[in-house]
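Final position of the sequence shown in our numbering is 1606; the numbers increase by one with none missing.
You may find that some hints are simply not true.
[To be verified] Pair ranges (Cβ atoms, derived): (1) Arg1526 with Arg1557: 16 to 22 Å; (2) Glu1459 with Gly1519: 26 to 32 Å; (3) Gln1484 with Glu1504: 34 to 40 Å; (4) Pro1491 with Ala1511: 27 to 33 Å; (5) Ala1529 with Arg1477: 35 to 41 Å; (6) Arg1526 with Met1455: 30 to 36 Å; (7) Val1539 with Thr1452: 48 to 54 Å; (8) Gly1520 with Ala1487: 31 to 37 Å; (9) Arg1526 with Glu1498: 57 to 63 Å; (10) Gln1456 with Met1513: 16 to 22 Å.
The set of hints was computed from the structure by calculation and includes no laboratory data.
Yeah, the Cβ is synthetic: ideal placement off N, Cα and C, and Gly gets one too.
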Amino acid sequence: MANTWEMQPGETSKAFAAFCAYRDMGPERSLPKVCQMSARSLPNVKRWSERHRWVERAAAYDAYMDSVRRGGYEEAERSAACRAYLERVRVSAAEVIAAGQLCLKIATRSLKAYQDLPPETLTPGDAAGLIRAGVAAVDYALNADAVALGLSETLSDD
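Let the sequences and hints guide you as you build the complete structure.
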């Protein structure tokens, strides 16, 4: 069914155009103003208004437009809340990525420090510990990046 503020069965295009002028005037609407705008006589405009229920239809239109405006405000509020949330996520992601990058730098510096030592100064346990620490730092950094980017909770969930 058509909305009451749309053209009604039996309503002429001239009568509907006059109604649209009336409807769109908002709170200041009046039949004499429609007469001024449309160059129609007041008796003719009154007849159209009564026959096609202009007051009722304009009120329905006003209520509809109010709901549209309220919906727009609510959508704007939701959008603002979403933007604020995404900004918090972006900041958190940047912090997690920075922490992962720091772990990689520490692991790289540690390996470089041991690179110049003669191999006989490292015990097998030292070498294994360095390798484990390096792998853990790289794993942490990669997981931090993946989580920050929303790719996965972690890359290695074992």
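Comparing the hints with the structure gives:
1. Arg1526 with Arg1557: 16 to 22 Å: Violated, at about 47 Å.
2. Glu1459 with Gly1519: 26 to 32 Å: With a Cβ separation near 28 Å, Glu1459 and Gly1519 satisfy 26 to 32 Å, so the hint holds.
3. Gln1484 with Glu1504: 34 to 40 Å: 23 Å, violated
4. Pro1491 with Ala1511: 27 to 33 Å: Since Pro1491 and Ala1511 have Cβ atoms about 29 Å apart, the given range 27 to 33 Å holds.
5. Ala1529 with Arg1477: 35 to 41 Å: For Ala1529 and Arg1477 the Cβ distance comes to about 37 Å; the hint holds.
6. Arg1526 with Met1455: 30 to 36 Å: 34 Å, holds
7. Val1539 with Thr1452: 48 to 54 Å: 50 Å, holds
8. Gly1520 with Ala1487: 31 to 37 Å: Given range 31 to 37 Å: holds, Cβ gap about 35 Å.
9. Arg1526 with Glu1498: 57 to 63 Å: 43 Å, violated
10. Gln1456 with Met1513: 16 to 22 Å: 19 Å, holds
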